[in-house]
Amino acid sequence: MKRKHPFRRIMIGAAATASAVVALLALKQPGGSSVAGPAQQPGAGAGTSVGAAGAAAGQTVLGEAVNTQYGPVQVRVTVTDGKITQAEAVQAPDSDARSQSITANAVPKLNQAALTTQNAQVDAVSGASYTSKGYQESLQSALDKAGL
Amino acid sequence: MAAGSPEPGRLRHVEESMGTVFSFDIRGVTDEARVRAGLRAAVASLHRVDEIFSTFRPDSQITRLGRGELTPAECVTEVAEVLDLCAAAERESDGWFSTRHAGRLDPTGLVKGWAVERAVRMIASSGAESVCLNGGGDVQLHGGPWRVGIADPLRPGALATVVEAPEAQEGLAVATSGPAERGCHVLDPHTGEPPVRGLASITVVCPTGLTAADARATAAYAMGEEARDWLEALPDAEGFAVTATGGTWTTTGFRHYAAQLAV
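Chains A and B supply the protein sequences, listed in that same order. Following my numbering from start to finish, the first sequence increments by one per residue and tops out at 148. Following my numbering from start to finish, the second sequence increments by one per residue and tops out at 263.
Because the hints were derived from the structure by calculation, they are not lab data. Please read these numbers as outputs of a predicted model, since none were measured by experiment. All residues carry an ideal CB built from backbone N, CA and C; glycine is no exception. It is possible that some hints are incorrect.
Derived SDA-like pairs (lysine to any residue); straight-line CA-CA distance at most 20 Å [what the hints assert, rightly or not]:
#1 K133(A) x G19(B)
#2 K145(A) x Y135(A)
#3 K145(A) x R27(B)
#4 K145(A) x R147(B)
#5 K133(A) x P156(B)
#6 K133(A) x T55(B)
#7 K145(A) x P8(B)
#8 K145(A) x R10(B)
#9 K145(A) x E7(B)
#10 K133(A) x R57(B)
#11 K133(A) x L46(B)
#12 K133(A) x K145(A)
#13 K145(A) x G134(A)
#14 K133(A) x D50(B)
#15 K145(A) x P156(B)
#16 K145(A) x T60(A)
#17 K133(A) x A146(A)
#18 K133(A) x H47(B)
#19 K145(A) x G9(B)
Distance windows between CB atoms, simulated [said to hold, decoys possible]:
#20 Q121(A) x T191(B): 40 to 46 Å
#21 D59(B) x P72(A): 48 to 54 Å
#22 K145(A) x T71(B): 41 to 47 Å
#23 V90(A) x R64(B): 55 to 61 Å
#24 G246(B) x L62(A): 25 to 31 Å
Under 8 Å between C-beta atoms, here's a sample of chain B residues computed to sit facing chain A [what the hints assert, rightly or not]:
#25 R12
#26 V14
#27 S177
Work out the full structure: start from the sequences and follow the hints.
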């Protein structure tokens, strides 16, 4: 089935992957034997900082800064034709070349991690009842915005 | 709220009512004027249900009935219809579904599902080929194909699984209950407390419609782990649960509805 607005769906996935970048960074840091996930959930916050949408090529999503056990981390991912083509840490505890190479290695892993949401291609989302206020943060709200 | 025609033959609409938001997605629209009239009637019916059944409105018929100011016979016919459905749901669930919380009359666990199912029937009878109506997280489908994601209760923003309604599936409904449900309005009717051995969420899929799915999801969430055997034994019901520790289980027939994910 042809989807008219695949990009918004991808954004949902991209927002979720912001925390995956953080997790991957934490994994590779010295002394990080076991990954404690990021303290904050990605939520809708990461998605709200999306720049102007519309063009098909090279959309950029800036995640919110997340405090990890190694310090604050903020990532930016670029999505082209439904794939994350670039991921970079705009803020990292150790912003040297090594960190940058780690984020580069993270790109294929991110695409894999994001597939579930990206490929789900759902028309609606069922979940525990939301209030009118809770709706604003819901996945259904994102689907509605994409379709209206 | 907003209404639009994003593509030919398709109508979408978002409407706030009953303290939540209803998302309409209508496909296969040939006679647009007629379907729009059906949509307007469906929207009006949701607001009417809110007026009659809201437990938050001191002047609603359900509030006045609960206070003894009205008899069932003095209420509009929908009240008796809903209370009969509630009584049936209470029997089917051996009391796990209940309309009596803290001495108040509260059919909330079923009335939204019933209202959504009725609204979808109105739109379908106006000539729409396929309808998907999401009422605050509970979804009634008509026609298809449709794909309904199940929100992962433990990972906001992620989906736990996807339910698929192929074209042949008429009237499939998907209801989910969990603790996020309006500040845990699901209570163990036997203790009046939140469920003890709680699930993170339970999704019930019913081919017979959202009235049944909504009531069963409410009862199943109150039951906790016991819901698995209960749903397995029920005809026309399948379940998908996310446990408190992040594990999942399904009833055996759920696989008929689980979408093949291209991951």
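Quick rundown of the hints versus the structure:
1. Straight-line distance between C-alpha atoms of K133(A) and G19(B) comes to about 9 Å, which keeps the hinted pair within the 20 Å bound.
2. At most 20 Å may separate the alpha-carbon atoms for a hinted pair to count; K145(A) and Y135(A) meet this at roughly 12 Å.
3. At roughly 17 Å between alpha-carbon atoms, K145(A) and R27(B) fall within 20 Å of each other, so this suggested pair holds.
4. With a C-alpha separation of about 17 Å, the suggested pairing of K145(A) with R147(B) holds against the 20 Å cut-off.
5. At most 20 Å may separate the alpha-carbon atoms for a hinted pair to count; K133(A) and P156(B) meet this at roughly 16 Å.
6. Pair hint K133(A) plus T55(B) holds up; C-alpha atoms about 19 Å apart against a cutoff of 20 Å.
7. With a C-alpha separation of about 18 Å, the suggested pair K145(A) and P8(B) falls inside the 20 Å cut-off, and the hint holds.
8. Pair hint K145(A) plus R10(B) holds up; C-alpha atoms about 15 Å apart against a cutoff of 20 Å.
9. Between K145(A) and E7(B) the alpha-carbon distance is near 14 Å, which keeps this suggested pair within the 20 Å criterion.
10. Between K133(A) and R57(B), the direct Cα distance comes to roughly 19 Å. Compliance with the 20 Å bound is thereby established for this hinted pair.
11. Distance check on the hinted pair: K133(A) and L46(B) sit about 18 Å apart at the alpha-carbon level, within 20 Å; holds.
12. As the CA atoms of K133(A) and K145(A) are separated by approximately 15 Å, the hinted pair is consistent with the 20 Å bound.
13. Annotation: proposed proximity of K145(A) to G134(A) holds, straight-line Cα distance about 15 Å (limit 20 Å).
14. For the suggested pair K133(A) and D50(B), the alpha carbons sit about 17 Å apart, so the restraint of at most 20 Å is met.
15. At roughly 18 Å between alpha-carbon atoms, K145(A) and P156(B) fall within 20 Å of each other, so this suggested pair holds.
16. Straight-line distance between C-alpha atoms of K145(A) and T60(A) comes to about 18 Å, which keeps the hinted pair within the 20 Å bound.
17. For the hint linking K133(A) to A146(A), the alpha-carbon distance of about 19 Å falls within 20 Å, and the restraint holds.
18. Our distance criterion of 20 Å between C-alpha atoms is met by K133(A) and H47(B), whose separation comes to about 18 Å.
19. Taking the CA atoms of K145(A) and G9(B), the gap is about 18 Å. The hint holds against a cut of 20 Å.
20. A C-beta distance of roughly 42 Å is found between Q121(A) and T191(B), which places it inside the suggested range of 40 to 46 Å.
21. Distance hint check: the CB atoms of D59(B) and P72(A) are about 52 Å apart, consistent with the given range 48 to 54 Å.
22. Range check, K145(A) to T71(B): Cβ separation about 46 Å, and the 41 to 47 Å hint holds.
23. A hinted range of 55 to 61 Å holds for the C-beta pair V90(A) and R64(B), which are about 58 Å apart.
24. Checking the proposed 25 to 31 Å range against G246(B) and L62(A) shows it holds: the Cβ atoms sit about 29 Å from each other.
25. This hint holds: R12(B) has a C-beta 5 Å from the nearest C-beta of chain A, less than the 8 Å allowed.
26. For V14(B), the suggested interface contact is upheld, since its CB lies about 5 Å from the closest CB of chain A, less than 8 Å.
27. Annotation: interface hint on S177(B) holds; nearest CB of chain A at approximately 6 Å, less than 8 Å.
Consistency with the previously given hints is maintained throughout, with no hint failing.
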